[in-house]
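Line by line, the protein sequences give chains A and B.
Position 101 of the first sequence, counting from 1, maps to 101 under the numbering used here, and the rest follow consecutively.
Position 84 of the second sequence, counting from 1, maps to 84 under the numbering used here, and the rest follow consecutively.
Just so you know, the hints here were simulated from the structure itself, not pulled from any lab data.
Among the hints, a few may not be true.
Restricting the straight-line Cα-Cα distance to at most 30 Å, the calculated cross-link-like pairs of lysine-lysine (BS3-like) are [what the hints assert, rightly or not]:
id, chain 1, residue 1, chain 2, residue 2
1, A, 58, A, 102
2, A, 102, A, 68
3, A, 58, B, 7
4, A, 102, B, 7
5, A, 68, A, 58
6, A, 58, A, 69
Negatives, chain A to chain B, calculated, CB over 10 Å [said to hold, decoys possible]:
id, residue
7, 15
8, 26
9, 42
10, 45
11, 53
12, 56
13, 107
All C-beta atoms in this analysis are idealised placements derived from N, C-alpha and C, irrespective of residue type, glycine included.
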Amino acid sequence: AQSVTQLGSHVSVSEGALVLLRCNYSSSVPPYLFWYVQYPNQGLQLLLKYTTGATLVKGINGFEAEFKKSETSFHLTKPSAHMSDAAEYFCAVRPFSGGYNKLIFGAGTRLAVHP
Amino acid sequence: SAVISQKPSRDICQRGTSLTIQCQVDSQVTMMFWYRQQPGQSLTLIATANQGSEATYESGFVIDKFPISRPNLTFSTLTVSNMSPEDSSIYLCSVESRPYEQYFGPGTRLTVT
């Protein structure tokens with residue numbers, strides 16, 4: 001069965017520092033990959049997705065992620081953290097198998113940004 | 001992207017009662033999804049709801065506990081039946097309004113006492 005592993009349940013960075021949130025998936029066939037962000041007391045917002053094509057994907061709010069098949073990874077980065085980036089981030093995969101568009105989520109990483 | 005609203009936004013319910021959560025989308029969509037997010041945890045898919053057919057439930061979720069209706073292409077309801085404190089969670093609906101992109105509603109925060 002497909003699974004998603006997010007390394008680090010909590011990540012803390014200084015404002016202006018690099019943000020790196022890690023995501024690895026388990027699948028012999030690369031699935032479609034997504035990053036979502038959840039701000040306090042809100043629903044999930046799609047940051048970016050990878051389906052096919054260019055492996056470096058740019059999303060909203062300055063985030064980007066790179067699909068690396070050899071490492072089964074889809075890490076999320078942002079060159080310079082802003083206070084407003086503090087939120088919970090979820091990596092998700094959509095397997096190719098199955099009859100519907102199921103998303104499997106990782107456990108989430110809570111990003112804290114301090115001055 | 002689709003605009004999704006949910007009602008109620010939050011509720012406090014007594015054990016043994018039921019709560020129906022509504023999900024409204026501003027455009028017609030084929031599939032709607034219901035997720036549960038338990039406190040401090042990730043999202044788990046409860047079921048997928050297609051208009052005009054029975055919902056498809058994931059392992060660990062049953063229709064008697066979480067009946068779902070999907071009367072048209074813009075609306076769905078999820079009922080949490082015979083609630084217990086373990087049902088305290090955020091319940092979110094989502095839709096796939098663009099290929100491979102799921103959009104989520106703001107969630108319903110349920111506390112069962």
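Results of checking the hints against the structure:
no.	hint	result
1	A:58 to A:102	holds, 23 Å
2	A:102 to A:68	holds, 22 Å
3	A:58 to B:7	violated, 33 Å
4	A:102 to B:7	holds, 23 Å
5	A:68 to A:58	holds, 15 Å
6	A:58 to A:69	holds, 17 Å
7	15	holds, 25 Å
8	26	holds, 16 Å
9	42	violated, 6 Å
10	45	violated, 8 Å
11	53	holds, 12 Å
12	56	holds, 18 Å
13	107	violated, 5 Å
Of the numbered hints listed earlier, those contradicted by the structure are 3, 9, 10, 13.
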